[in-house]
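There are 4 protein chains.
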Amino acid sequence: MDYVYGPGRNHLFVPGPVNIPDPVIRAMTRNNEDYRSPAIPALTKDLLEDVKKIFKTTTGTPFLFPTTGTGAWESALTNTLSPGDRIVSFLIGQFSLLWIDQQKRLNFNVDVVESEWGRGADLDILASKIASDRTHSIKAICIVHNETATGVTNNLAHVRQILDEYRHPALLLVDGVSSICALDFRMDEWGVDVALTGSQKALSLPTGLGIVCASPKALEAAKSARSLRVFFDWGDYLKFYKLGTYWPYTPSIHLLYGLRAALDLIFEEGLENVIERHKRLGKATRLAVEAWGLKNCTQKEEWYSDTVTAVMVPPYIDSSEVVKRGWKRYNLSLGLGLNKVAGKVFRIGHLGNLNELQLLGCLAGVEMILRDVGYPVELGSGVGAAGAYLRNATPMIPSRI
Amino acid sequence: MDYVYGPGRNHLFVPGPVNIPDPVIRAMTRNNEDYRSPAIPALTKDLLEDVKKIFKTTTGTPFLFPTTGTGAWESALTNTLSPGDRIVSFLIGQFSLLWIDQQKRLNFNVDVVESEWGRGADLDILASKIASDRTHSIKAICIVHNETATGVTNNLAHVRQILDEYRHPALLLVDGVSSICALDFRMDEWGVDVALTGSQKALSLPTGLGIVCASPKALEAAKSARSLRVFFDWGDYLKFYKLGTYWPYTPSIHLLYGLRAALDLIFEEGLENVIERHKRLGKATRLAVEAWGLKNCTQKEEWYSDTVTAVMVPPYIDSSEVVKRGWKRYNLSLGLGLNKVAGKVFRIGHLGNLNELQLLGCLAGVEMILRDVGYPVELGSGVGAAGAYLRNATPMIPSRI
Amino acid sequence: MDYVYGPGRNHLFVPGPVNIPDPVIRAMTRNNEDYRSPAIPALTKDLLEDVKKIFKTTTGTPFLFPTTGTGAWESALTNTLSPGDRIVSFLIGQFSLLWIDQQKRLNFNVDVVESEWGRGADLDILASKIASDRTHSIKAICIVHNETATGVTNNLAHVRQILDEYRHPALLLVDGVSSICALDFRMDEWGVDVALTGSQKALSLPTGLGIVCASPKALEAAKSARSLRVFFDWGDYLKFYKLGTYWPYTPSIHLLYGLRAALDLIFEEGLENVIERHKRLGKATRLAVEAWGLKNCTQKEEWYSDTVTAVMVPPYIDSSEVVKRGWKRYNLSLGLGLNKVAGKVFRIGHLGNLNELQLLGCLAGVEMILRDVGYPVELGSGVGAAGAYLRNATPMIPSRI
Amino acid sequence: MDYVYGPGRNHLFVPGPVNIPDPVIRAMTRNNEDYRSPAIPALTKDLLEDVKKIFKTTTGTPFLFPTTGTGAWESALTNTLSPGDRIVSFLIGQFSLLWIDQQKRLNFNVDVVESEWGRGADLDILASKIASDRTHSIKAICIVHNETATGVTNNLAHVRQILDEYRHPALLLVDGVSSICALDFRMDEWGVDVALTGSQKALSLPTGLGIVCASPKALEAAKSARSLRVFFDWGDYLKFYKLGTYWPYTPSIHLLYGLRAALDLIFEEGLENVIERHKRLGKATRLAVEAWGLKNCTQKEEWYSDTVTAVMVPPYIDSSEVVKRGWKRYNLSLGLGLNKVAGKVFRIGHLGNLNELQLLGCLAGVEMILRDVGYPVELGSGVGAAGAYLRNATPMIPSRI
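Note that the protein sequences, when read in sequence, are chains Z, X, G and Y.
What the first sequence shows, in the working numbering, is residues 1 to 401, in sequence order.
What the second sequence shows, in the working numbering, is residues 1 to 401, in sequence order.
What the third sequence shows, in the working numbering, is residues 1 to 401, in sequence order.
What the fourth sequence shows, in the working numbering, is residues 1 to 401, in sequence order.
Heads up, a few of these hints could be off.
As the list claims (entries may be wrong) - Using 27 Å as the maximum straight-line C-alpha spacing, the simulated DSSO-like pairs for lysine-lysine come out as follows:
hint : chain 1 : residue 1 : chain 2 : residue 2
1    : G       : K328      : X       : K283
2    : Y       : K242      : G       : K239
3    : Y       : K242      : G       : K340
4    : Y       : K279      : Z       : K324
5    : Z       : K328      : Y       : K279
Bear in mind the hints are in silico, worked out from the structure with no lab data behind them.
Given the structure is predicted, the values throughout are model-derived calculations rather than measurements.
Working from the sequences, and respecting the hints, build out all of it.
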């Protein structure tokens with residue numbers, strides 16, 4: 001694979017797949033096992049209990065699908081809705097766009113609420129739609145918590161507030177792919193009915209688990225939902241949960257052991273500390289962008305994402321050139337601008353198992369690249385601004401003696 | 001995980017997931033990567049080309065879905081068929097049963113041809129159905145090449161012969177989960193339209209790739225198939241194949257590197273040698289079963305499977321006790337009897353990356369267990385019978401100096 | 001490395017290096033670390049305490065040298081003796097021969113007591129030498145606990161008894177390379193002054209740690225021993241033990257983490273259970289040899305080794321041909337006959353992390369090879385004899401639910 | 001091991017053990033093997049040939065001792081010298097001090113030439129000693145190429161020049177532990193008689209191989225050298241080299257496979273490119289130190305080391321506090337000041353498999369720590385200065401498409 005090797009480590013700053021901690025890599029370095037032995041159900045049982053914690057739910061029921069986020073989306077939709085059902089969905093970037101595309105192709109009646117890319121979901125429009133929907137024709141609200149393409153975090157508490165205000169029974173389906181386990185996500189408190197994420201994001205695992213968590217209301221809805229599904233059906237899982245064997249078909253035992261190790265690390269650090277770390281690294285990144293005199297694609301502070309920052313380049317620069325040089329010269333992997341913002345933004349993913357000096361190394365690289373492509377940034381300026389903040393904000397590592 | 005550890009290696013003889021070769025484990029011991037870098041498309045391009053070889057196709061188009069065999073089934077069906085389509089499907093054991101269950105739930109009109117468990121697909125009935133189907137109401141034939149629950153291999157060449165005889169245009173959809181890369185499988189020669197397997201079977205990888213290969217006729221059918229699908233849609237993949245980026249959503253780069261290593265090993269050994277090795281180990285297992293005076297669940301030699309042997313125990317023995325003792329006493333993982341044959345058979349999987357002495361160790365274990373549970377087998381008899389055959393049949397390892 | 005690959009697992013039955021358990025491989029799959037951070041001393045402190053348990057000593061002081069058994073020998077000798085010192089040393093096979101060669105080259109006055117290969121140390125001669133050594137000119141007795149070349153275990157309790165009977169102050173230096181952590185070894189009870197082993201033997205680690213344990217009397221002797229030594233000097237270690245930093249030069253942190261994992265597994269199984277398992281596998285091997293009608297190189301039952309069996313072949317067979325065919329045909333690694341017994345014996349190592357079915361697989365392989373090279377063994381006979389014993393002797397795996 | 005875990009990667013910047021590239025970690029993730037099979041000699045043969053390239057020798061004979069640098073020192077001395085032999089040895093820092101301590105304890109007559117720590121070997125004194133040694137009483141010159149404690153590189157070409165000028169036959173023994181494979185090292189051109197390094201340094205492997213390379217003159221000297229040695233004896237190795245089995249005692253096959261992978265990476269990058277990379281990172285580090293207004297412990301540019309920089313802190317700061325905070329707050333591992341410079345310097349190791357952004361991340365961390373401990377550095381200043389240089393100096397990664 002000589003088209004891959006470069007000296008030193010790859011600096012992985014795409015907003016997923018993210019860096020896998022060494023203990024997790026170790027946990028997955030193993031042979032296959034018989035998933036019907038007593039060991040795998042015992043492992044699964046604990047995982048299902050523990051994974052609820054990252055959703056902050058006690059009443060939800062999690063499913064560990066051997067799939068990706070795209071599959072998790074499909075599972076959320078097909079288990080709760082019937083063809084023709086009206087749903088309100090927010091289009092604010094490439095990933096919400098793709099989910100909406102899926103919703104349409106699955107024959108739902110999608111009421112798209114579009115925002116300019118860089119802005120959050122327009123919740124005023126949601127409020128007006130909910131207010132006027134006396135017949136409860138809206139069956140579900142579909143929203144990404146964090147739009148990975150633009151670095152925009154939506155206010156889910158506000159969504160819940162709107163639904164509650166009008167006592168509207170619509171299900172709340174949330175894509176938490178680039179938020180859960182990194183941003184503060186409160187499934188129970190916010191009344192989220194289906195939340196989902198992918199293993200390769202903040203959980204810092206390889207790709208391959210689509211984790212879906214369903215509220216009791218969602219489970220109830222599943223009983224009457226008429227969308228066809230087999231692989232993604234919750235019912236098959238629930239049947240095997242009751243049997244205590246847990247798996248309707250073969251799971252990836254590698255990812256189960258990996259998830260065990262990943263959760264152990266998250267709990268050792270403390271989920272709240274993990275969230276604080278993401279806030280810290282997100283803010284440091286934004287301070288660097290500011291120091292460089294560049295604009296954040298995210299238009300308002302209220303939407304700033306602590307997992308990914310989409311940086312706008314001046315019009316005379318092609319942002320894909322920034323990404324390309326990162327890869328070819330500095331072994332740095334940045335996120336491309338996608339679709340509407342292709343060429344206009346590059347993205348720094350700062351989620352998952354990551355620390356301050358890794359981020360500063362990345363920012364130092366971005367500075368050099370910006371100069372390489374003709375943007376007159378002062379070298380050290382972003383790193384200095386980020387460092388000035390981080391120096392005060394970073395706690396001692398608690399486990400270190 | 002103290003409920004797992006036992007001294008020495010686990011002897012993994014379930015018919016999947018199977019043993020992963022060390023070079024494959026090594027290849028997957030790695031961090032995540034940006035799948036949008038130039039490296040992953042370059043890797044994917046070669047994989048798609050090479051994976052065709054294990055299907056023995058030059059005209060097929062492979063898809064590497066991040067899913068399991070169950071998902072691969074769904075992909076095969078939903079891309080080629082429309083709700084209400086009539087399909088002929090053979091019920092000969094637990095896995096064909098599950099596929100049929102899926103076919104029904106996906107709203108196809110399933111014409112089930114059932115055989116006694118332990119017998120192959122009833123191709124005489126197929127012939128009569130095909131013969132009488134002048135209107136070509138049958139849109140597809142669904143058949144497992146190798147039924148993992150009973151150790152029965154169906155004769156696909158014969159299926160093709162029947163279709164050809166009547167010039168019937170039905171698609172031929174084949175579950176090759178426990179056959180491809182182990183048994184002789186000839187996609188092009190047998191006119192298979194969709195063939196599929198899972199990574200954790202004869203490819204000897206972790207679970208997580210559902211590999212689906214579509215003939216040109218199947219790709220054509222996909223254009224008009226009206227079953228809803230998004231995650232499992234071939235069209236999305238084909239779009240990205242054309243772009244040269246290959247992935248409509250995040251792949252597991254671990255499994256891609258693993259697949260690269262797995263294919264390299266298979267090609268180093270030689271696919272035909274791999275198939276010969278499976279024949280050898282399959283026959284050795286059957287000779288042991290015979291020496292023990294036990295019956296093979298497979299009723300006729302023409303259906304004998306070279307990847308799994310379902311061994312019938314006398315009525316006074318519970319086969320699940322055999323499996324349990326294997327696990328608890330000898331660190332041996334055998335396959336349970338499923339559904340109709342639960343308690344009546346245990347299964348020895350002899351597929352994937354396995355050699356003679358591993359199998360003989362397993363057979364020695366089975367002998368001891370049989371005595372433990374009260375069956376008066378002569379210790380050494382099965383190993384001796386298998387060894388007598390293997391000693392003559394086993395070639396020198398070609399790569400060894 | 002295509003001269004290595006063979007399908008399936010390598011069956012490793014040389015008497016070291018032995019099979020490494022997967023959890024140990026995992027523990028060592030890691031980057032380097034700063035060994036001067038607080039983490040490594042904390043790890044080392046626990047290891048030094050725990051490693052004493054495998055020597056069954058509470059008063060001994062262990063040293064973890066980054067070396068092999070040969071280096072550990074040198075450390076034992078040079079720290080306790082001065083050039084010209086008279087030592088009594090037993091020559092009973094290739095490894096005692098090599099140790100004696102080292103003793104001579106280090107300028108000790110070696111009084112060699114030779115036995116026929118296949119017999120144990122002649123302790124009657126020892127008794128007479130000790131009895132007549134009124135001036136205490138003998139400074140040390142050097143003895144291998146288990147001679148790996150011939151499968152002979154010496155009676156150390158008897159050696160101690162002789163020394164005690166005559167109140168002789170000679171140091172007792174013991175090579176426990178193929179015994180410690182497999183055979184019953186009692187440093188304190190037997191008054192062993194220096195005991196040593198290598199990581200790649202019963203501890204089931206990679207090669208690279210020479211573990212030396214010194215009694216208080218040995219430490220005292222080290223103060224006046226005039227043999228030159230720096231790398232192997234205990235004094236440098238003791239200095240750093242006191243400082244709490246432990247390492248006079250860079251340790252292999254991989255082997256430290258590996259040792260941690262290895263000890264954890266041994267303690268989980270229980271050291272006494274580990275020893276029982278070795279007795280069981282040793283006896284099973286000897287029963288197979290007997291069933292084949294072959295002779296054990298070890299001439300008397302009192303010397304039978306539970307870690308390695310040297311099997312004599314008939315004069316018309318070259319034992320190296322047995323080993324060669326194992327490698328080339330069955331992916332089986334057996335031990336060669338060395339020096340005086342080259343061509344006459346092959347060796348089955350049954351030590352370290354190993355279980356019953358692994359051994360039976362090996363024995364099945366040996367049977368086939370014996371037939372291949374022209375010895376008329378009945379296939380299955382050895383496996384049957386071993387299995388008949390093992391079936392009754394093997395306990396349930398305690399950790400298994 | 002909860003005293004170790006911190007989120008994100010450890011930033012390992014001690015001057016050894018250094019970061020192990022992932023492909024090397026992978027290559028070592030394996031079971032033990034029989035080192036007497038044909039595979040290991042075949043592997044060894046190639047390694048011995050290839051390892052010569054990193055010494056830049058065609059006439060030298062390499063030995064791969066299972067030991068550390070301290071053991072490699074001992075091997076170099078005891079194979080070439082006899083007790084009482086006069087040697088000239090340069091004391092310029094902690095590691096030359098330790099080697100001299102070893103030389104004395106091995107009973108050589110050591111003529112120590114001391115320099116202030118931070119200065120190179122005093123070659124004028126060497127010249128005068130050589131000039132006056134008409135009787136050739138000096139048997140060897142012992143010198144470290146790069147003193148790891150102070151970041152001083154000695155001029156070996158000049159040493160050779162002095163010896164040649166006076167046609168002095170003294171052997172030239174060089175500690176290349178922190179130079180070989182990182183700095184330009186020319187065994188043949190400089191007439192080095194014994195050169196040595198350790199696997200955990202620029203080769204970027206775990207600790208455990210002491211690699212010693214002997215010139216024909218050194219091999220000749222070994223024939224008459226009367227220092228006692230067995231484990232470290234070259235003669236035993238040479239005997240097995242001739243037999244084609246290569247190993248007088250058990251090697252670590254893990255480190256052999258690791259060395260294979262490490263050399264492959266070095267050759268893929270190109271040894272000269274590796275050396276250039278070290279020059280680049282060394283210079284960048286020094287530019288940062290300068291920008292911070294701190295002094296390099298190395299007093300003159302001619303001695304600047306491209307593998308380690310010892311940074312002097314102002315008198316009011318304890319350098320060990322810098323190291324401690326790196327570990328506890330930023331997951332950064334820096335080198336302590338040792339012995340005479342304890343508390344006065346901290347060290348940045350920039351050797352082995354490392355790239356620009358890793359270094360810049362480290363430098364960003366050092367800046368923050370300096371502020372933490374009360375030194376008024378401008379954040380970003382060092383990173384900016386280093387980046388300004390690196391941006392121009394760093395080539396595209398050649399293997400990247």
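Hints, one by one, checked against the model:
no. : hint            : verdict
1   : K328/G x K283/X : 22 Å, holds
2   : K242/Y x K239/G : 41 Å, violated
3   : K242/Y x K340/G : 21 Å, holds
4   : K279/Y x K324/Z : 25 Å, holds
5   : K328/Z x K279/Y : 20 Å, holds
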